Amino acid sequence: MNLCVVDTLESGGYALPMETREEAILVEQARAGCEQSFEALVRQNSERMIQLAWRMVNHRQDAEEIVQEAFLRFHRSLDRFRGDSLVSTWLYRTVSRLCIDYLRRERIKRRLFFFSRPDDEFDPLAQAPANTIRQDDQAIARQELVHLMRALERLSPRQRAVLTLRHQEELPLKEIAEILGLSEGSVKVHLHRAVQGLRNSLAEMENSDD
Amino acid sequence: MTNTKCLSNQDLTLYCTGALDPDEMRIAAEHISSCSDCARHLTSLRKTLAAMPRHQLHLSEAEKLQFSDRVMRKVKTGRRGNRLPIWATTATAVAAGLLTVFIYSPSDKPSQFNPAEVRQFAELDLVENIEMLEMMEMLEMMELLELIDDKG
Ligand SMILES: [Zn+2]
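Protein chains in written order, with my numbering: chain B, 337 to 546; chain W, 15 to 166.
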């Protein structure tokens with residue numbers, strides 16, 4: 337295993353916290369062509385990014401594909417990557433936008449070709465953490481999660497992204513606005529419509545079950 | 015009764031997701047504590063959000079390794095994902111075909127999909143191959159997407 341050495345740290349970030357400084361060094365080394373450094377960046381960020389994509393698109397394998405694409409784009413933009421921004425911020429933005437693109441395509445597929453993933457292909461419980469659901473509650477839990485997914489599918493991709501970033505990722509509105517390139521005002525509107533839409537859809541599905 | 019105004023629906027949503035400014039959060043909380051209408055609305059919003067769990071994803075070291083290996087393989091081969099534009103020429107032709115159908119559609123509202131038109135598309139056998147679905151990226155580029163998305 338050969339070590340990667342970089343003489344200078346262009347971003348000169350010695351006032352930065354340790355983790356950020358280490359990350360800046362890794363970016364610098366990756367830029368200089370060091371594969372191990374890039375790989376370290378991938379490993380540091382993969383779990384969080386796959387979780388983000390998985391929450392947004394509800395499909396583990398597709399989530400990994402999206403995150404993989406984000407890392408490839410990151411690799412291609414290393415030259416332009418500014419040392420003063422965090423890798424995770426860049427990835428958050430890219431993954432979120434790729435997810436929105438993905439959701440748009442899925443939405444169009446459903447509309448154009450009446451195509452929908454069959455239920456057995458997206459078993460929500462298979463993706464939920466083990467042991468969180470008691471055996472006898474599984475049927476109900478499964479039904480509720482299928483409802484939730486159907487309801488989420490009805491949201492516009494942006495509404496869904498805003499809802500995920502706020503409710504699940506718990507990001508401040510300002511950050512969500514930056515990630516999605518929207519004004520804070522329109523993030524508020526999307527968030528409101530998302531919760532409203534979710535509430536209506538869930539109520540509708542609950543009633544149709546009775 | 016309370017002497018502050020009821021919250022708008024949007025502000026109740028923002029309150030419920032903790033997205034109001036701290037001052038607004040405080041004022042809203044005071045109002046809700048003394049207004050049964052807003053309190054009821056809030057309960058229903060909380061129930062909705064509770065239906066959306068915050069499952070954590072935990073990757074084992076082996077999974078992380080597997081994933082980074084896959085990424086590194088792609089990086090090394092310099093492949094741009096699996097979306098090489100092998101089908102691009104065909105897709106362009108199909109996209110252009112779709113455009114023509116849009117433009118010359120006999121419908122009153124050519125800019126909107128309705129199920130009958132959509133079925134027609136499907137019957138045109140334009141899309142034989144599932145990979146053709148990728149042409150949606152091109153449609154998107156042509157901003158046709160905005161016609162069928164609700165701009166949400
Ligand atoms: Zn009130």
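No lab work stands behind these hints, which were simulated from the structure alone. Since this is a predicted model, take the numbers as computed values, not measurements. Don't take each hint at face value.
Claimed, not checked - Which bits of chain W does chain B cover? Going by a derived footprint, with three or more residues having C-beta under 8 angstroms, they are:
{"hint": "1", "stretch": "27-33"}
{"hint": "2", "stretch": "57-64"}
{"hint": "3", "stretch": "74-86"}
Claimed, not checked - Chain W side only, calculated, beta carbon under 7 angstroms to chain B, not exhaustive:
{"hint": "4", "residue": "ARG68"}
{"hint": "5", "residue": "LEU71"}
{"hint": "6", "residue": "VAL89"}
{"hint": "7", "residue": "THR91"}
All C-beta atoms, glycine included, are put in the ideal place defined by N, C-alpha and C.
TODO: Run the structure past the numbered hints and jot down the numbers of the failing ones, going up.
DONE: 7
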